[in-house]
Amino acid sequence: MVTTLDRLDGPDRLRRRRSRPRLADTSFRYLTGAAAWLMIALLAGTTAFLVDKAWPSLRQYGIFGSLSSSRWAPSEAATSKGNPYGILQFVYGTVLTSFIGMLIAVPAAVAIALVVTDVAPRRMRRPLSWLIDLLAAIPSVVYGFWGIFALIPALKPVVTDVNDTLGKVPVIGKVFAGPFFGLSYFTAGLILAIMVLPIITAICREVFATAPVSEKEAALALGATKWEMLRLAVLPRSRSGIVGAAILGFGRAIGETIAVTMVIGNSVLTISTSIFGQGATMPSVIANEFNEATEPFHLDSLFVVGLWLLVLALIVNVIGKIIVSRSGEHIA
Amino acid sequence: MSPNPPRTPPDLVSDPAAPDTAPGVPVAAGTSDTADSTEAATATAVATMPTRPPLGQSTTATARRKRKNITMIVVLSAVLALAIAVLVWVLGYVAAEGLKYLSPQFLTHTPPGNPSAGGGGFANGIIGSLIIVGIATAISIPIGIAAAVYLHEYGGRVAKVARFVTDVLVGVPTIVTGAFVYALIVIRYGYSGYAGAIALAAIMLPLIIRATEEMLRTVPRELREASLALGISKSRTIVSIVLPTASSGIITGCMLAIARAMGETAPLLLTVLGNDLFVETNPDHRMATLSLQVFSNAITGFQAAQGRAWAGALTMVLLVLIFTAIARIAGRRTAVSGGKR
Numbered sequence: 001m002v003t004t005l006d007r008l009d010g011p012d013r014l015r016r017r018r019s020r021p022r023l024a025d026t027s028f029r030y031l032t033g034a035a036a037w038l039m040i041a042l043l044a045g046t047t048a049f050l051v052d053k054a055w056p057s058l059r060q061y062g063i064f065g066s067l068s069s070s071r072w073a074p075s076e077a078a079t080s081k082g083n084p085y086g087i088l089q090f091v092y093g094t095v096l097t098s099f100i101g102m103l104i105a106v107p108a109a110v111a112i113a114l115v116v117t118d119v120a121p122r123r124m125r126r127p128l129s130w131l132i133d134l135l136a137a138i139p140s141v142v143y144g145f146w147g148i149f150a151l152i153p154a155l156k157p158v159v160t161d162v163n164d165t166l167g168k169v170p171v172i173g174k175v176f177a178g179p180f181f182g183l184s185y186f187t188a189g190l191i192l193a194i195m196v197l198p199i200i201t202a203i204c205r206e207v208f209a210t211a212p213v214s215e216k217e218a219a220l221a222l223g224a225t226k227w228e229m230l231r232l233a234v235l236p237r238s239r240s241g242i243v244g245a246a247i248l249g250f251g252r253a254i255g256e257t258i259a260v261t262m263v264i265g266n267s268v269l270t271i272s273t274s275i276f277g278q279g280a281t282m283p284s285v286i287a288n289e290f291n292e293a294t295e296p297f298h299l300d301s302l303f304v305v306g307l308w309l310l311v312l313a314l315i316v317n318v319i320g321k322i323i324v325s326r327s328g329e330h331i332a
Numbered sequence: 001m002s003p004n005p006p007r008t009p010p011d012l013v014s015d016p017a018a019p020d021t022a023p024g025v026p027v028a029a030g031t032s033d034t035a036d037s038t039e040a041a042t043a044t045a046v047a048t049m050p051t052r053p054p055l056g057q058s059t060t061a062t063a064r065r066k067r068k069n070i071t072m073i074v075v076l077s078a079v080l081a082l083a084i085a086v087l088v089w090v091l092g093y094v095a096a097e098g099l100k101y102l103s104p105q106f107l108t109h110t111p112p113g114n115p116s117a118g119g120g121g122f123a124n125g126i127i128g129s130l131i132i133v134g135i136a137t138a139i140s141i142p143i144g145i146a147a148a149v150y151l152h153e154y155g156g157r158v159a160k161v162a163r164f165v166t167d168v169l170v171g172v173p174t175i176v177t178g179a180f181v182y183a184l185i186v187i188r189y190g191y192s193g194y195a196g197a198i199a200l201a202a203i204m205l206p207l208i209i210r211a212t213e214e215m216l217r218t219v220p221r222e223l224r225e226a227s228l229a230l231g232i233s234k235s236r237t238i239v240s241i242v243l244p245t246a247s248s249g250i251i252t253g254c255m256l257a258i259a260r261a262m263g264e265t266a267p268l269l270l271t272v273l274g275n276d277l278f279v280e281t282n283p284d285h286r287m288a289t290l291s292l293q294v295f296s297n298a299i300t301g302f303q304a305a306q307g308r309a310w311a312g313a314l315t316m317v318l319l320v321l322i323f324t325a326i327a328r329i330a331g332r333r334t335a336v337s338g339g340k341r
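First to last, the sequence lines map onto chains S and C. If you count the first sequence from 1, position 55 lands on 55 in the working numbering, and the numbers rise without skipping. If you count the second sequence from 1, position 165 lands on 165 in the working numbering, and the numbers rise without skipping.
Note that these hints are calculated values from the structure, not bench results. A portion of the hints provided could be inaccurate.
Reference excerpt, derived from the structure (chain C facing chain S, CB under 8 Å, subset only) [as the list claims (entries may be wrong)]: (1) A147; (2) Y150; (3) I251; (4) A313.
Just so it is clear, the structure is predicted and the values come from calculations on it, not from any experiment. Beta carbons: idealized from backbone N, C-alpha and C, even for Gly.
Just chain S, same shape as in the assembly:
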């Protein structure tokens, strides 16, 4: 900056600069503009290349052909006449695990965000949010590894009890039926809950921070307790923000790959009705089979899975983004 000012000390120098900065300015503008265009190209390119690679399978089995079956049997591709690459069970696994994750993570994130913004002593607030953010720093593969060796053994006695009680109830029993071998939708959902908790908490924190101080103070001045203040002045106006945060968290959860792959069991043949059964998700099947895809249309069909995953992620994220941005200008 100092050098810039030095160069500006004479009128002749100013005149000389007149043509140069224009050139520098223009090229700077174009360079930064190119970087922005690159982002658009990145999304367009991702979609285009996925469609291109998935095309042979889409043409062979129809665009929605993979969505009409829940049986994934690459070894039958050479002989069978039908479509052996059904992916409904992966869509089911993806949505179910993410949904379980959200059921746990959203209420927890709201509670944590309330404590961090309004309840905890002021000096504690920043360190506490750092600790929660640390949950997001732990790599996915570490969560998966921890899930296999620490979480599953801890879950086993609890889940076996659930199998023996809720699992015996006539109608809903199917959902909670055993046997529980550790690897399951539920385990994956629980790990997803831990992984997306910091993301949802961060958005909720920003949403809660937008609650007007005047209303909070008014509530307290009227004699409201702290909880009443939160209920009356903070939570009502944050409802859409919380919903948006949940959807963005859901969007993150559906794309989570390695941790889920390690704890879901990777059963690709059918849909298990019990949340304690084994299954697979869209990312997990890609990660598992991508480097060993040798059957006809196998790799192409994995790209089909990737394409539908991208579509799902885009829809969820766009909806979440729109809802969140409605509740606050610059949040998320």
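Given the structure of chain S, go ahead and fit chain C onto it with the hints provided.
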């Protein structure tokens, strides 16, 4: 930071809440739609506070409200405590298991040819991770900052679209990015460190752009105007005044992106593939990365391999924590006191 509301008065009911200010109180308006049956009593109590009966008559209601308040605060804090307990559990478990195998040998040797054999280490993975993440950083930071500058400093329709796309890209599953890079590069040139670096750069870019733009927003307009009024060109203003002012926040964003890239596994599975045999420093070839080695060793049935994987997981967590810590320290200097330079 949200400004702090005043502390709840110790005795709520005796708090003289100036009755004549009631009509202007916005809280009362918000109560009607939120009050469900159980809350009706408290909500009404607040809404009708100004006209409530004299002190002493509502003590049981007050006691109930106070009890409810304490219960809820305890419940909320318990959830926070539980989340922190999970964090401690994960970190503690990884540390306990990892420390059993972490040693100088682990950091300087490659894994033994036979995965069931003990000894050896992940030197090739550590080197590979550093190289690949380094290349990804070198690609994504300049492009990311440039794009953020365009989004915030120039604006316009392209910028609007690009901002939206960037927000959407944050939510694109990383394995999809990996599949994209596979289709773009690996099919033609084979698995390589470069392909992995490009995939990681694509994942880091939206993170860096968002963090940078967020920081540019906090740079006061007066600073730009003062510079432009001195006759300094716009590009020069951005490079010499705006970016340095926002630098600490930008560094924070970049460090967090690096930490994220350090732990990524899925996209590397599709682009780098891994190389457990020897130290490969040429990014043109298949390489090992720490994350891939942790993954592949963790899912073998061999105890020795799993032991190495724990040590690798601990190493990875430590690397990530170091970058996160740097990010926090850089961010602490921020507070973007715009004029302070």
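Status of the hints after comparison with the structure:
no.: 1; hint: A147; in the structure: holds (4 Å)
no.: 2; hint: Y150; in the structure: holds (4 Å)
no.: 3; hint: I251; in the structure: violated (16 Å)
no.: 4; hint: A313; in the structure: holds (5 Å)
Going through the hint list in order, the structure does not satisfy hint 3, though it satisfies all others.
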